[in-house]
Amino acid sequence: MASLSVRTPDGKVRALPLIKRITSIGRGPDNDVQLDDPSVPDSALHVLFDGSRYTVGSLGATFQVNGKKRDSHVLASQDVIRVGGTELTFSRDEVPAPRPLPPPPDPTATTHADSHTSEIPGVPGRELAMLRRLTTFSERLLGSYELERVLESLMDEVIEVTRADKGFLILMESNEPRVKVARNLSRENIEDAVEKLSDSIIAKVVKDQRPLIIADAIDTPEFKASESVVNLKVHSVMCVPLMHKGDLFGLLYVGNDRLVNRFEPKSLDMLTIFAAQASLILHNALLVNELKLDNTELRKKLEDQRYGDIVGACQGMKDVYKRIDKIALTDISVLITGETGTGKELIARELHRHSPRAKGPFITINCGAIPENLLESELFGHVKGAFTGAVVTRPGKFQAAIGGTLFLDEIGEMPLQLQVKLLRALQEKVVYKVGDNRGETVDIRVVAATNKILEEEVKRGTFREDLYYRLNVVTLKLPPLRERGDDVIVLGKFFLQKYAKEFSSKVKGFTPAASVAMKKYAWPGNIRELENRIKKATVLADKPLLGADDLDLKPENLEPIMPLLQAKEEFQKRYINEVLARNNGNRTKTAKDLGVDPRTIFRHLEKMEAEKTGKPLPPEEEELM
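Just add 16 to the spot in the sequence shown (first one is 1) and you have our numbering.
Heads up, a few of these hints could be off.
Calculated pairs, SDA-like style, for lysine to any residue (alpha carbon to alpha carbon, straight line, at most 25 Å) [stated by the list, open to error]:
#	residue 1	residue 2
1	589	435
2	334	541
3	514	491
4	570	544
5	84	18
If you anchor each label on the Cβ, the simulated ranges turn out as follows [what the hints assert, rightly or not]:
#	residue 1	residue 2	range
6	96	501	39 to 49 Å
7	613	475	20 to 30 Å
8	332	583	14 to 24 Å
9	32	541	49 to 59 Å
10	615	548	18 to 28 Å
11	481	558	51 to 61 Å
12	587	548	52 to 62 Å
13	32	194	19 to 29 Å
Honestly, the hints are just simulated from the structure, not real lab data.
Each residue gets a CB set at the ideal place from its N, CA and C atoms; glycine is no exception.
Please put together the full structure from these sequences, using the hints given.
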C-alpha cells in the first residue's frame, strides 16, 4: 500500500496510508491529511490514484517535488513533496498490486449514479461516479491543446456532472474577469453571457480566491442586496477559482436559477478537485494557443525578414542584401569578412543562388582545415604517381566548380607558397594538377571569406598584397550577432522551431527572462553559438519554455555593465576609427567631418599606437585626451 511520511516544521514525523482514491492535504480540519503548518493553505494539495499510479496536484498551493516547482507530478517511490515548511515523502509497496477499479460509468447514466455502490470508504456512489467521470475527462483532454474545443468540452462536462443548467468559464485578463465560454445544459453557447452572471459573487471569489457555494443567493444576507442577484433571480451557485502557481487566472461558475439548494457541499468538493486538474489543462492549452499565435507571427516575420536561407533584417544585414543584389549578376571577386560564426558560407551561397551560375555547382573548401601538404592537391587536383599515395588521377575543387562558384573559406589560413599558385590561377583562369605541366582552363567564380583582418596580415607579411587586392574587389562585411538587435530573437525562434521538430521536443518558446538574456549576451561565437545552445537546450529541456538557465545564460556570463564615462570613450574610439576608415585614413578630412581640431585625431592615433605597443603616452598628451 502507498503511504506518505509527513515531516512538519517542528520535526515531528508520522506515516499515513493512502487508502482513498483522492487524498486531500492541507491545514484545514476537513482534509484527509491535516498539516499543522501555518504556511500551508487550508486546501493545499490532493493525491489522485487512478488504479495504477499516484499523481499529486495543486488545490491552489505552490509545491515542489524533489526541489523543482510542479503543478502536477506522477509520483515515484521516495519522491519528496514540499509545501510550505512541510515535507511529505511518498513510498509505494508494489506487492501486492492494488486492485484496479472498474471502468467508469456510462456518461449518459448520470441520473442513475446514486445506485452505484461505493468502493472507496467515505465516498458515496454518486460522488464516486462524478469523480471517475471527471478523472476520465481530464485524462482525455490532457493531450489536447485546441483551445476552443478544450474550453467548451470542459464546461459541458462540468454542467452535466454538477446538474447545473448553465456554466461559465471566466479568465482573468489585465486583472479583470472576462467570460470565455458560456454554455447551457443542451451544450449550446449562451448569448449575452455577461448579463447572466452575478458580478458580486464573482468579485467575492476573485477577492478571497476560495471556492464558494450558495444555496439561495436571493436569501443570502451577503448577496440579497446585490443588483445582479436580484435582477437575475439567482438561486443556486457554485464558483471555484482556477489557480496556477498560487496565482488566480480564472473561475468556474455554475448556476441554477430555478431551484434552491441545488448543489451540496460534496459537489463543491468534487468541483474544487476537478478545478485543480482543469487548471493545468487550461494553462497548457492557453500557453500553447499563445505560442501558436506567436509562431504564426514568427512565420510572417520570417517571410519579411528572410533573404533566401538567411534570417535577419537589421540594417547591417539589409546593407549586405542590397550589395548581393548588385554584384550577384557579375563574376566580380568577392571577399566576405566577419567574425567566426556570422554565416559567411550562407552569404556565399546566396551570391551563387542569385547569379547566372545558379544551376552550376557550388563547391566549398576550408583552407584552414586541410594540411598544407594536401591543400594544393585538394585545390588543383593531382595526377597518378605525383606523390606517395596518388594511385589515381583526381581533379581538384577548381575543376569541380567549373560553370559554378568556388568558395574559399578561411582564406587567411592559406600558406604563402600556395597563395602564389592561387593568384596565378585566378589571373589566368588556368590550373595545373600536382605533377602535371599541362594547364586546364576553368570557368568559375571565386568567393573568399575570412575572419581575419587581411590588411593587417599583409602588413605582417603573412598574406600576399597582390592576392588580397585580387580577391577583395568587393567586400561584404557581416555584422556580429551582438550588433544585430532583435535578429537574435528571430534567429532563436527559427532554430527552436527547427530542432523541436527534428527531435520531437515539446519545447515551444522562450521565457521573457531568456529573451532578455539573449539580447544582453555578447555571443562571441555568433550565430553558430546561438544555434548550438538552442539545439542542446531543446534536447535536454523538460519544460515548454526555455529559460535563461537552459541556454546557460547565467548573469555571470553576460557582458558586465561598464561605467558611462568608459562607454562614451569606447564609442568615441570606435566611431573615430570608422570615419577614418571611410576616409581611407585621411586625418584632416576625418577631423573636418567630425567637427574637431585635427590635433584630436592625431592624439587619438597616438593613443591607439601606445595601446598596441604598450608604451604609455607622456602625461601632457594623456591630459589632452
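Against the structure, the hints come out as follows:
no.	hint	result
1	589 <-> 435	violated (35 Å)
2	334 <-> 541	holds (21 Å)
3	514 <-> 491	violated (31 Å)
4	570 <-> 544	holds (19 Å)
5	84 <-> 18	holds (22 Å)
6	96 <-> 501: 39 to 49 Å	holds (45 Å)
7	613 <-> 475: 20 to 30 Å	holds (29 Å)
8	332 <-> 583: 14 to 24 Å	holds (20 Å)
9	32 <-> 541: 49 to 59 Å	holds (53 Å)
10	615 <-> 548: 18 to 28 Å	violated (48 Å)
11	481 <-> 558: 51 to 61 Å	holds (56 Å)
12	587 <-> 548: 52 to 62 Å	violated (31 Å)
13	32 <-> 194: 19 to 29 Å	violated (41 Å)
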